[in-house]
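Engineer: Sequence:
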Amino acid sequence: MSYSDLIEKIKTLPDAKQAEVFDFVDYLTTRFALHTDSDLTDWSDQEFANLSMQQALRGIEADPVIYTDADLRERWG
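Each residue of the sequence shown is one higher than the last, beginning at 1 in the UniProt record's numbering.
Hints should not be assumed to be uniformly reliable.
Said to hold, decoys possible - Listed next, the in silico DMTMM-like pairs over lysine to aspartate or glutamate satisfying Cα-Cα at most 25 Å (straight line):
#, residue 1, residue 2
1, Lys11, Asp23
2, Lys17, Asp5
3, Lys11, Asp26
Everything labelled a hint here was simulated from the structure, so no lab data went into it. These figures come from a predicted structure and were not determined experimentally.
With the hints as extra help, turn the sequences into a complete structure.
Structural biologist: Have a look at this one:
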């Protein structure tokens with residue numbers, strides 16, 4: 001698959017999925033810049049955990065708050 005084919009394929013994705021692709025490419029670019037001397041296939045457990053957490057929490061800031069203090073069953077602290 002050529003780069004132009006890949007770009008055309010990405011263009012067919014919904015905007016949210018395109019953003020996901022761009023986020024991942026940005027992550028890989030950053031990671032490559034930090035680890036240019038090492039083999040990029042050898043991720044440490046911590047690096048993989050960080051990527052996993054970043055991907056899992058991506059976009060959570062945009063989620064609406066659906067719970068209020070009235071929804072609490074018990075207050076701590």
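Engineer: Does each hint fit the structure? Answer for all of them.
Structural biologist: Hint-by-hint comparison with the structure:
The suggested pairing of lysine 11 with aspartate 23 holds, with an alpha-carbon distance near 15 Å, which does not exceed 25 Å. The hinted pair formed by lysine 17 and aspartate 5 meets the criterion: a straight-line CA distance of about 17 Å does not exceed 25 Å. Our distance criterion of 25 Å between C-alpha atoms is met by lysine 11 and aspartate 26, whose separation comes to about 17 Å.
In terms of the numbered hints stated before, the structure departs from none.
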